[in-house]
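Work out the full structure, taking the sequences as your base and the hints as a guide.
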Amino acid sequence: MINKKVENVDIALKGVKDNMTFMLGGFGLCGIPENAISKLVSLGVKNLTCISNNAGVDDFGLGLLLHKKQIKKMISSYVGENDEFERQMLSGELDVELIPQGTLAERCRAAQAGFPAIYTPAGYGTEVAEGKETREFDGKMYVLEHAFKADFAFVKAWKGDAAGNLIFKGTARNFNPVMCGAAKITVAEVEELVPLGTLDPNQIHIPGIFVQRIFQGAHYEKRIEQRTVRIKI
Amino acid sequence: MLDKTGIAKRIAKEVQNGYYVNLGIGIPTLVANYVRDDIEVEFQSENGVLGMGPFPFEGEEDADIINAGKQTITTLPGASFFDSALSFSMIRGQHVDLTILGAMEVAENGDIANWKIPGRMVKGMGGAMDLVASAENIIVAMMHTNKKGESKLLKKCTLPLTGVGCVKKIVTNLAVIEITESGFKLLERAPGVSVEMIKQATEGALIVEGEIPEMQF
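Chains as they are written, first to last, in our numbering: chain V, -12 to 220; chain L, 50 to 266.
No lab work stands behind these hints, which were simulated from the structure alone.
Heads up, a few of these hints could be off.
Unchecked claim - One-sided and incomplete, this derived list gives chain L residues near chain V with beta-carbon spacing under 8 angstroms:
#1 V98
#2 G100
#3 E110
#4 Q120
Please read these numbers as outputs of a predicted model, since none were measured by experiment.
The C-beta atom is built at its ideal place from N, Cα and C for all residues, glycine as well.
Right, here's the structure in full:
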């Protein structure tokens, strides 16, 4: 077993510097790497480029980094839940690149899988395709989209072991698996770091080869953005 | 004239047995409530779940189980979770049978605009561009006119596009319209709505052939 376990978030984020590009898992506030984000806030690293489907809310998730003006550029598909984001975007403080959600996923996956670029039909004929190479396959038009290049990927899983194997829960899976191994260093935080050998190899979602550092996360808040319920009759 | 619930009820009739369906945010989400009980349908949400169920009972919400609108949901027996790349493989790979989404504008040729108003806050396209670029069967659910009373069914979209030539059918508070090679073809009228009213509310060319029946529910 090649040991990926590190003792805490401080060691897990070693090497993080200003001007770096990060991938951060999560959809809305679901499945975000809460511990890594908190640490990035306290480290105070600046001029970051963040690749993440959303940008958190005002006081949680990536909103915490936005609030401290640590982010220079966001690459996301949807950013509608965040007033501070809107203020910084409209004032020109923050550079924003909005891209289709499936394209975001596939540009991560391409980086993970060793593809320099992929063709997708998403965005063809729209401003998303402006300046990009397009090509026809079997009568349909596609846009060439390049794999992301990132320094760190911060992902959050439900369970993991010292070998770096990961299992996700529910829709907290989302972008986390496709970001594993898509950056130079992948840092996984888990709710439960279980003893080696207790995870069933048949049930592993991400094999440890894609993960460089894994640590036991703490104090997961798991905030719910839209609490919707039905009444028991 | 229909309200949003009425639009959802009419669209629910388009959902057929064995369909995998992706529902957008807003009116499309309501469609799930009105699908016939005697058919089997699975709802996909692009954040990574197939086999979505109703909202959870109070106290049973799970922060790790949400839909694309970030609402807490439940899953039904046979449901599955997956990552975002696999989710869009279902969409891009045309495994999803029906996509229902909202729009700000639709053009006679099937172009759709629903993600950006220049000069205003831009929230992003989310999964809409992937959905409209790949889905074979796209139904737009929207009001026939905007808040200023201007038609949303246009000769040409004025807003930045989400996709080109992709919409097949539109269900509004006034009508059911099919997009054909020659433009908007009127299929049905909402209860109490005349063909003349629909014509007036439609900027693009409206094709009216023969008697136009009233919607049945």
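Going back to the hint list, which numbers does this structure go against? 2
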